[in-house]
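Protein chains in written order, with the numbering used here: chain A, 2 to 318; chain B, 3 to 265; chain C, 3 to 265; chain D, 314 to 731; chain E, 2 to 434.
Here are some of the chain D residues that sit facing chain B, going by a computed Cβ distance under 7 Å:
no. : residue
1   : N548
2   : A549
3   : T550
4   : G551
5   : I552
6   : G628
7   : E631
8   : A632
9   : A635
10  : L636
11  : G637
12  : R642
13  : V647
14  : P650
Source of the hints: derived by calculation from the structure; they are not laboratory data. All C-beta atoms, glycine included, are put in the ideal place defined by N, C-alpha and C.
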Amino acid sequence: ATLDDVKSRGKLNCGTNTGLVGFAAPDANGDWQGFDVALCRAVAAAVLGDQSAVEFVPTTGKTRFTALASGEIDILARNTTWTFSRDVDLKFTFVGVNYYDGQGFIVPKSLGVSSAKELDGATVCIQTGTTTELNLADFFRVNNISYEPVPIETSAEAQQQYLAGACDAYTTDASGLAATRATFEDPTAHVILPEIISKEPLGPLVRHGDDDWADVVRWTLNALIAAEEYGVTSANIDELVANPTSNPEINRLLGTEGDLGAMLGLPADWAVKAIKAGGNYGELFEKYIGQSTPIGLARGLNAQWTEGGLLYAPPFR
Amino acid sequence: MSDLAANREIDRSRMAVSENVAIQITNMNKWYGAFHVLRDINLTIYEGERIVVCGPSGSGKSTLIRCINRLEEHQAGSIVVDGIELTNDLKNIDKVRSEVGMVFQHFNLFPHLTILENCTLAPIWVRKVPKKEAEETAMHFLEKVKIPEQANKYPGQLSGGQQQRVAIARSLCMKPKIMLFDEPTSALDPEMIKEVLDTMIELAQEGMTMICVTHEMGFARQVANRVIFMDQGQIVEQNEPEAFFLNPQSDRTKLFLSQILGH
Amino acid sequence: MSDLAANREIDRSRMAVSENVAIQITNMNKWYGAFHVLRDINLTIYEGERIVVCGPSGSGKSTLIRCINRLEEHQAGSIVVDGIELTNDLKNIDKVRSEVGMVFQHFNLFPHLTILENCTLAPIWVRKVPKKEAEETAMHFLEKVKIPEQANKYPGQLSGGQQQRVAIARSLCMKPKIMLFDEPTSALDPEMIKEVLDTMIELAQEGMTMICVTHEMGFARQVANRVIFMDQGQIVEQNEPEAFFLNPQSDRTKLFLSQILGH
Amino acid sequence: MTTLTDPPKDSFRLGMLIYDTRYRALTIQVVALFAFMLLAAWLINNTVQNLASLGKPIDFGFLSTAAQYDINQTLIAYDNQDSHLRASAVGLLNTLLVAVMGCALATVVGVLVGILRLSRNWLVARIMTVYVELFRNVPVLLWIVFAMAILIESLPAPRDFRGEDAPAAMLFGDSVALTNRGFYVPEPLFARTLGDLPVFGAFDISLDFLAILAVLGAGLFASGLIRTRADRIQNATGIRPTTWYLRLGVVLLPLIALLVALGFHLGYPELRGFNFQGGIHMRNSLIALWLALSFYTAAFIAEAVRGGILAISKGQTEAAAALGLRPGRIMSLVILPQAMRVIIPPLISQYLNLTKNSSLAIAVGYMDITGTLGGITMNQTGRELECVLLLMLIYLVISLLISAVMNWYNTRVKLVER
Amino acid sequence: MADLTFVRHEMVPEQAPPATSVGPRGWLRENLFSSPLNAILTLLSLGLIWWVLSHALPWIVLSSWTASSLGECREQIAAAHGEGTTGACWAVIRERYLQLLFGFYPSDLYWRPLLAFGLALLALAPVLFTALPRRLLWLSAAAPFVVPWLLWGGSVWVPVCVALGFGLGLAALRVVSAAAGGLAGVIAAGVVPVLWWLFLAWVAAGLLQAILPFGITPVESRAFGGFMLSITIGLVAITLSLPIGIVLALGRQSNLLIIKAICVGFIEFIRGVPLITLLFVASLLLNYFMPPGTNFDIILRVIIMVTLFASAYMAEVIRGGLAALPRGQYEAADALGLDYWKAQRLIVMPQALKISIPGIVSTFIGVFKDTTLVSIIGLLDPLGFSNSIRANAEWNGVVWELYGFIAALFFVFCFSMSRYSMYLERKLRTENR
Ligand SMILES: Nc1ncnc2c1ncn2[C@@H]1O[C@H](COP(=O)(O)OP(=O)(O)OP(=O)(O)O)[C@@H](O)[C@H]1O
Ligand SMILES: Nc1ncnc2c1ncn2[C@@H]1O[C@H](COP(=O)(O)OP(=O)(O)OP(=O)(O)O)[C@@H](O)[C@H]1O
Ligand SMILES: NC(=O)CC[C@H](N)C(=O)O
Ligand SMILES: [Mg+2]
Ligand SMILES: [Mg+2]
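Let's have the full structure, built from the sequences with the hints guiding it.
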């Protein structure tokens, strides 16, 4: 089973994007950074107790699923949309959603367009091999307007073409649009159109048929989300472990009560390690893509359910 | 040196030399870059003369005869061939070239054309001779060099001696007034040398003006009416063959002859 | 044809022919595809014999001797060399080859090995002789062919005659019982031919069994004890050299001799 | 003395399998074949097992399902409801398009550069050397992305053509627009069109186009006749009549007549909406790929051309010059016919390389066969094995066809030689 | 007719050529303005050079080396050279050049790849230069084991045990061919080492490591990246493809029909498909072809496919070398009684390989350039890395600087290699043969 493999190997193999602003990219020291990357680190911390025990395997839109299917990676955290055919036909298990996204358009303000429906005849840049490509085709078909797709391999190239005016609009997951816009010389000259033409729940996935491993990843993600809900942060977690609170849910999460860890086949403090790796969900969000970063994404749908968002960790019980 | 031609009887009667100047070279100088390869060449050649040029390797023999049909450019002095001065004027050069035939050491036949095509190419494209006529002329000269039966073969299928004879025939097809030979036999096996020399002797007997760079001293003695000895880019001595070989004047000539005949 | 060896005194005393059969060829036939190149060859060669094979080009001389060490396969009849029949059995072939030396027209020295290495290669790898011993033997034979001082040069640095002598020494280093020569001198310049023929004569004087394809009639007269004339893949005539040259029986032989001696 | 006995009768022994030349070959081959089949069986068995455990048995059925994605450049009609198979066909045609265009341009540039490299002009020869070395020693993929980046960054966007004092303007009297989305050039239109001819119900061929081709072909044939006649006259009289105007006329006049009859006119590109509309749009991805492949390959072709010309010894030129032939004639009658034999084989293998390198189209998003079948289709259906095998097969067929042409040419040329 | 005799008693001294044909003027006239057409070409060329330089130079020179992000770069350039100046942001190279060169290789271990590639170069020297002492050949023999060990690290016993396989093969050849004859010896020499490598070598290496632990820090191939990845793939592929190529070439030359068919099929197949499809096989399919559960990492898989790719090209190069060998060499070897393998090893291969060296070098250059394609399947070679670097918020938007740097790296490497191969070609041509 994957869990045992990972443990005996002492390393977690994690598939990431070869480079996507805010979600995964190697920094100057060669350390991978980003929102997707952080999830892998959390899983590594939970399973192996060491957040740096991760091998990052950069994958492209094409190679990502094979890498996972062939066992080259244990978990794919590469802004991958949870779709029916990927889950059912390609035989993967999506363990949850770490970012609720949707496909949007960015256009230069000077174009004078305020709705995607006005894009009749426009040239649209799009990354190939993604769900966005299919969504786009559907959107224009449904609205019975024409467009010209400009397929592109990487987001960096898409951005280059868009900025030079080789395409009128650029479409991808709204998170990507925001990230891209943030690095423009003059971000204010571009608008993200109001239409979100698809649902893009991005989440980590594992191979079909290894439920134990899927549980580990699923509940690590849930632990991060729940931690935010209960106010457990990397700052106060040591304190909370040392002096368990009166909230049994928190105690169970932190392993000071019950033996949830053992049920997963992990040490009792698995969630503590995972949360300490980079912080709870909210902390990670703020650190890599939130308002304080150049990318500056608002929580939006990705707020806790208590705040009107969609994040809703099942109970730790 | 082969003296295979020695036992041939030479008919010198038709080898008269006319009074008309064929080539007039005056104070000609040539440099390769800074290297002074031909120095102060003065040479008058009359129609019907058979000149043999000899000299040590690198003395400029090839360069001299290549200047005569402007394969090389000279930088000073003048060369007048058949009344036409060689300048940068392309028309003059064309005229001279079509009146001067040249045979090279390595034959330089065109391997992609048959022997016949080799011979008719220039007449057709330069002289604008009808193809049929050109072919007839070609066959005539091929017969003269004794290989009419090879006409439809390719050069690669012929022996060296045969190839050189084709090369001679090819030049003759342009009906040149002057023939230049640059060591025509030095790339050949001994048996083949004879074939080629025989052909050249025959040409000489018909009164063709010839300038021939060669070290075949037997040929020089029998055929030439003048031998020119070059060294260091200069004409050091010229004389009739008998006098040249038996009584050389300059020390350099003596040295050279002792080496070449000493073999 | 060169008869440079003529003025050499030949010691025929040691050139006795034994009663033992060295090579027995019986009803041998060979085809190249559909072309019948050797027809019904019957030939017995005794130890110590020196056979010269001659005949027009394409008559199958090379093919015949190449059959003897199985560089070519024959299709019918039998060839028995030193008691070993040449069949498809690789072991027999290896045995025969290591007892039969062969010298080619184009020497075929190994250009990437020094002269000494050329000579020691086969003894070391085929005969499994210790390197030291092989080198001693090699030097011995190199002395015999009079070029011990070239031992550490590469073949490319030697003249043709020297290369051919190395090729002979190389074969001798395998201490063969029989030596085959395929026109060993025909790729050489006249001066070098003498060197090589001298070496071969010396070998013959030591009683080596030799089969030699050559047109050196001087050599044949002096050394051979039998001359074989081939034409169209058949042995047309064989005889002692004097009888063969002075009194050929077959018309073809006469024609051939008149051509070859007429030069 | 060895006595001669009858040769031992052939009785088969096991050792003969190894030591008998007749059986040895057989033995080795049987062993090799066995090993090869074992290896193949092992690989196939593994694959089948792996696929079975993944629940993805080999199945080409996906080819007939709807592709659902759009392709921006299609030579045959296509929309996103067509099958993956048709999408692949669109890709294949795009591959062939860029390969043919690339080979043509590469030949022109390569021959030019190869000749200029031999120029007596020092500066020109140096520049060509720099060009050749620069292109040969930098990976072609880098050149492709470079070319794309240059196009995108240095040409104006369509929006720059808008407005009163637009920063960019169309060329040639508003007929050609060079933008960073590609080049827009006038398209031929016919007022009295002959319509389309459906082929196998799969795609349409314009009858106008066919008619033009036919007239052009006939014109060229007639021009050939005139040429043969000129040859004949030259053979007979030695004087070659000047016929270029006749030959030109015979090609052009009927063509012009046909065009007039069809009501030929140009459709000019025009800035409408977001883009130029009308005209032929050559996309930047196509142009970048085309230029990069062509110039990269041209560097190699230039070397082949230079080598070919140098291989024809100086002696040939001199001999021809000594016969009084003019430089132009020397080139066409003596040097080129010989150089061609040396040049063509490497030239064709460069065509092969170019065609294979066109698979790098994905780097700039040109939708060739690797981009459709080996890219989006593979990605959306998850049928890696089928797609990659099919892809390889297609390239293999193209390569073998090109090699066949090369072999045919080689044998033909060899016959002429001797 | 005038008197024909003439004797020169005083030799004409050498004179300086007319001024128009030498010196700078002569040179200009000769090389740049020898005809009107040439003059026009010269002017056009000068125009072209001016155009290129006037566009490129300011950009290259008016640049920033110190910024820590693209935005900062723009500010610095605007501050230094005035608003609206566009200049290069070389700062990204300064910050990332080590990454572009070494990928994720641990920075304290950079000496290892450097040493390894230096060693590989050294090991090449005695093969190429016959003048060097033959003893250096031991270095060449050791390099294939030492270089990978330096690159990947780990126990020293692994390469030792792998090398031992060759020793075992040799021993098997000796023993078995003495006992059971040549062909059996060859078969044994093939089978024994394979068995050893497959089943025993790893055990032995593990045992030895347990008894006598000695090793250096292991580095996973995932850490390989940048230019080092290109060189590693190229080097390993070429080294391995050499023996495979030899076997294929011999097979293709052989008159055994089935063997020939297999070899021709393989060679033509590999040469008929683009490398990118083979890389797809490496990244998508190769694991399917292996027994369920085997998993080797993507770089190894890529190396396998690139090796196969290079082998096919290598086979053709070597076939050319074999074809250039005169038939006489084979016949002489036969006549001396050398068997097939000995003849190949002692006579044919040494010569054929030497003839093929220029071809081998240019195959190497080709493969090396083609390693950039691995970026398409997500490996971080220099080109792949340039994308990852641009995925950092600071460097998003940097294009030319990265491409330019990568192109320069490749150019320097390939250009020197190609010059070197030309030098070899010249040397081989003049060398006595
Ligand atoms: N293209 C050239 N460039 C520079 N120097 C040249 C050139 N061609 C010939 N030379 C030099 O000019 C000198 C004369 O050469 P030329 O070929 O005329 O000599 P030659 O008398 O014909 O000698 P040989 O008997 O060897 O043919 C030689 O020193 C030669 O090196
Ligand atoms: N490998 C071959 N395949 C087909 N025919 C061949 C082959 N080798 C030789 N022949 C033909 O066999 C005939 C005999 O050839 P062989 O070389 O034995 O003649 P030869 O007497 O040695 O002639 P030469 O004096 O020219 O060497 C010739 O007609 C030749 O064309
Ligand atoms: N841009 C991407 O690489 C991912 C796009 C999209 N979320 C997908 O899964 O296909
Ligand atoms: Mg000369
Ligand atoms: Mg012969």
